[in-house]
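K.L.:
Assemble the whole structure, with the sequences as input and the hints as a guide.
There are 2 protein chains.
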Amino acid sequence: MAEAANEGRRRGRGGGGASARRAERGSASLEQFPYIQRKIKEYEILDDEALEIIERNADIVLEEVGVEFRDDAEALTMWKDAGADVQGERIHFPKGLCRELMKTAPGQFTQQARNPARSVEIGGKNTVFAPVYGPPFVRTLDGERRYATMEDFRDFVKLAYMAPAMHHSGGTVCEPGDVPVNKRHLDMVHAHMTLSDKPYMGSVTAPERAQDTVEMSKILFGEDYVDNNCVVTSLININSPLVMDDTMLGALKVYARAGQACIISPFIVGGAMSPVTVAGTLTQVLAEAQAAIAFSQLCRPGAPVVMGTFATSISMQSGAPAFGTPEPAQVLYGAAQFARKFGLPFRSGGSLTGSKLPDAQAAYESANTLTPTLLGGVNFALHAAGWLEGGLVSSYEKFVMDCDQLAAQQKMAAGVAIDENGQAMDAIREVGLGEGSHYLGAAHTQANFKTAFYRSTIADNNSFEQWEVEGEKSAPQRANETARKWIADYVAPEMDPGTREALDAYVATKKESMPDAFT
Amino acid sequence: MAEAANEGRRRGRGGGGASARRAERGSASLEQFPYIQRKIKEYEILDDEALEIIERNADIVLEEVGVEFRDDAEALTMWKDAGADVQGERIHFPKGLCRELMKTAPGQFTQQARNPARSVEIGGKNTVFAPVYGPPFVRTLDGERRYATMEDFRDFVKLAYMAPAMHHSGGTVCEPGDVPVNKRHLDMVHAHMTLSDKPYMGSVTAPERAQDTVEMSKILFGEDYVDNNCVVTSLININSPLVMDDTMLGALKVYARAGQACIISPFIVGGAMSPVTVAGTLTQVLAEAQAAIAFSQLCRPGAPVVMGTFATSISMQSGAPAFGTPEPAQVLYGAAQFARKFGLPFRSGGSLTGSKLPDAQAAYESANTLTPTLLGGVNFALHAAGWLEGGLVSSYEKFVMDCDQLAAQQKMAAGVAIDENGQAMDAIREVGLGEGSHYLGAAHTQANFKTAFYRSTIADNNSFEQWEVEGEKSAPQRANETARKWIADYVAPEMDPGTREALDAYVATKKESMPDAFT
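For the record, the sequence lines run as chains F and S. If you're matching positions, the first sequence starts at 520 in the numbering used here and goes up one per residue. If you're matching positions, the second sequence starts at 520 in the numbering used here and goes up one per residue.
Simulated from the structure, these hints should not be mistaken for laboratory data. Glycine is no exception: its CB is placed at the ideal position from the N, C-alpha and C atoms. Any given hint could be a false lead.
So the derived label-pair ranges between C-beta atoms look like this [unchecked claim]: (1) GLN556(F) <-> ARG618(S): 34 to 40 Å; (2) LYS644(S) <-> ASP765(F): 47 to 53 Å; (3) LYS644(S) <-> GLY838(F): 52 to 58 Å; (4) ASP661(F) <-> ASP945(S): 32 to 38 Å; (5) GLY838(F) <-> LYS560(S): 32 to 38 Å; (6) GLU568(F) <-> GLU984(S): 41 to 47 Å; (7) GLY643(S) <-> THR970(F): 34 to 40 Å; (8) GLY990(S) <-> GLU568(F): 45 to 51 Å; (9) LYS644(S) <-> ARG948(F): 34 to 40 Å; (10) GLY990(S) <-> ASP661(F): 18 to 24 Å; (11) TYR666(S) <-> ARG665(F): 42 to 48 Å; (12) ARG665(F) <-> ASP1008(S): 36 to 42 Å; (13) ILE1006(S) <-> GLY838(F): 31 to 37 Å.
P.N.:
In structure tokens:
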């Protein structure tokens, strides 16, 4: 199996020829952007004094309060051996222990895609966008809100494959409720591997499902290749405050030991799972992330790991989380500063909203999260497109609208060109001033107009009269049409038949080996 | 007249008592925020090298290409006397001349409001939000798009008065087409003065209309007071590329000589009125702004002035301007850096969009402009609420939605509190970790929950089920209800009857003195 897969991988990855041309044709109308290499500065919200205070406080929390590693005897032993003070399931960390262990984690790593042109660099000045993750519901192209199916899942993988500024295929783009809970990870990973050639995320809902992801990755990339390269990222949530549960520890151990990337993310509704202040939340995030990242390095020194944070504010009236508000943006900016200080890749942000509809609330809130994502220097942005209703819903229309915003970020991130062409002094001298002077016809304008300005694929900037004639469409109506077109135009990237067969067989065998479970 | 006005001003401004109490009651349900005093850093897009190159290029443009001061012989003489090289109507500026003249302009100034609690600081670390300016159309609360009327104008002044995070009453909140063109400025200024106690903008469409604004301001504030204080801001647009026309020069001279503030703003559709690149546009903006700001100081050294820029990108297909795109944000960040370098207050940004509807496009684009407005360090943000359709339409619904976003900026601008309460270490120690640990009941949370997180007045973060029961409303539907409520709840701030009488008389006399003109 591995032999055939290796062959397939070599042909799929290295090969030009018919395979490459067909893959190219599939998305010929949508030129794909590489992951973002930011040429602009990061925005910083914390000064040196604040950084120092919060870091010191996090050290105090790690030592005094500690972090619970729950229902995992092996983890406790590993911590004891590493020199931590283990009291029952609670680990107290001597000052400096976590930071010392974290040193083996790489500051930047490549997640390989089966199409090498789609591989992404995670860390440094790079930003990678990945789709919405986790919603049990979808809002369909007919406007219905219902439980998600495997068919929806495949549609979202296709949309992510088509979207030029979506760099990653993601993970649970929606939760396919029509597939047994103990088997759906097989179909999900299979869909990412076969319907897309962008990098993907693995299952984390049980250690054996994480292991299935690794095994299927070995079929796709070859066994040795997977041991020596990162081909999977995985989302390891911390149970804030200050608890790692056995499910997440199990997945973390599988991936870290396989040399695959863990995105360690405290998932925090501020005021409920962390203190109600930004500095207090950052303190807790820092303690949790350091403990979990250090643990990943105990599993395998050098295993790629991403420091993450997902924070929302909370309505103190209803208890509902709120998105796109100032405080989560401040947490993002602050946590990003710490990730850079620690020399670690950073995950946060996305296009988050609490809105039930792809309306103005959804867009304000998403933009209020996405701009900090870019300016804060996020390296891996999950939920970059499609998120609605506080993460309960994957929306087709919002996915496409968000992707348009992602493409705009690519342009923003390129910064201001200051070369001779950018300075445009010839144009200023040519056009001069006064009656009838304008730049539209200038040689410099003509030479640059195709790439000068970001061109939205969703925004309507025509005259009112033309917009009226064209049916007075709103942004989500235009996005609806685009989503339908992308799905209709989709052509699967070619895959070596032997690899495909082996993947199909792995999934079939695994599925047959156990009864369906729906909880 | 002036005597009575002075008396009125003193009573209106200094006086407590019934007047103050009634004014307070009028907006009792909506606590007003003061102008923003930013505690956060500015974001910078240009490095030192880029700053130096662009500034040097602007000097070359000022000297080689020059700026035209059109149909204004006095201006030409003033420039000749100041040492410029005047060739016909074209002024060539020896290197350093403009910068030298600009030195008398204040780095920060107070625009006084008739209610001193509403006076605003323009410059430095302060940000002042003002409403949409200029649209000939409105989108009504019944969804109709039609020409604006004086009744709409009054409604928008009322909305701006009610909105907690709107610091300024603005100017032409919409263009009241039902009032003769040569008289409407009187009604507009009268509306700002009587319906609001926030600071306002003056007419710029003709020198005599600017003069009317100054005269009415003298009635409101007293003659000496106006000569010694800034009580009006005015929007002086430059006809890019590189032309000042007689209308704008006329208004500029009136306001500057009266010691009132001019906001000097190149209005640029990039690629049409300036080079197609960000650096080229910044070069032109810098040349234009320096020439006009220097001229304001020739009119009256020390006259308050704001360096402005309004830049959009352009669809190279249709020629339509595009908003909320990356390039205008880059122009904003860059121009703000130059304003700080020159030690001048800066105007830009707002909540701009090309959308015809208050939909997702409108919100993405507005947020993409508003975040740079705050992070870039804009001091005066015109069009902060209500702008739709590229500035052709003032929208009631969008006004209210934007105001919600403005209030969020107040919170963002406050930065991260790092005092003992902000650090929240007591809370972390109190809550600890593990089963059942949460922060909702913690003493620290209880003590802070009212102010901890921004609370949107428009966003719906309730459960899907509750939202469904409440009628499945979109954000603009909720904003519609709020706009109706604000207008219904509006109570005019009290005004001294003598002042009111004098203002009414001034307007009536002026209107009677000339026939109606509709073009």
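K.L.:
Given the hint of 41 to 47 Å, is the C-beta distance from GLU568(F) to GLU984(S) inside that range or not?
P.N.:
holds, 46 Å
K.L.:
Could you tell me whether the CB distance from LYS644(S) to ASP765(F) stays inside 47 to 53 Å?
P.N.:
holds, 50 Å
K.L.:
Go ahead and decide if the range 42 to 48 Å is satisfied by the Cβ distance of TYR666(S) to ARG665(F).
P.N.:
Cβ of TYR666(S) to Cβ of ARG665(F): about 44 Å, so the range 42 to 48 Å holds.
K.L.:
For the hint 32 to 38 Å, verify it against the beta carbon of GLY838(F) and that of LYS560(S).
P.N.:
holds, 33 Å
K.L.:
Range hint 31 to 37 Å: satisfied by the CB atoms of ILE1006(S) and GLY838(F)?
P.N.:
holds, 33 Å
K.L.:
The hint says 32 to 38 Å between ASP661(F) and ASP945(S); measuring C-beta to C-beta, is that right?
P.N.:
violated, 52 Å
K.L.:
With 34 to 40 Å as the target window, see if LYS644(S) and ARG948(F) comply at their CB atoms.
P.N.:
With a Cβ separation near 38 Å, LYS644(S) and ARG948(F) satisfy 34 to 40 Å, so the hint holds.
K.L.:
Taking 45 to 51 Å as the stated bounds, is the beta-carbon spacing between GLY990(S) and GLU568(F) within them?
P.N.:
Roughly 49 Å apart at Cβ, these two residues keep to the hinted range, so it holds.
K.L.:
So does ARG665(F) sit 36 to 42 Å from ASP1008(S), Cβ to Cβ?
P.N.:
Since the Cβ atoms of ARG665(F) and ASP1008(S) sit about 41 Å apart, the hinted range of 36 to 42 Å holds.
K.L.:
Note whether the CB distance of GLY643(S) and THR970(F) lies within 34 to 40 Å or breaks it.
P.N.:
About 38 Å separates the Cβ atoms of GLY643(S) and THR970(F), which means 34 to 40 Å holds.
K.L.:
Is it true that LYS644(S) and GLY838(F) lie within 52 to 58 Å of each other by Cβ?
P.N.:
violated, 35 Å
K.L.:
Would you say the C-beta atoms of GLY990(S) and ASP661(F) sit inside 18 to 24 Å of each other?
P.N.:
holds, 21 Å
When each numbered hint is compared with the structure, violations occur for hints 3, 4.
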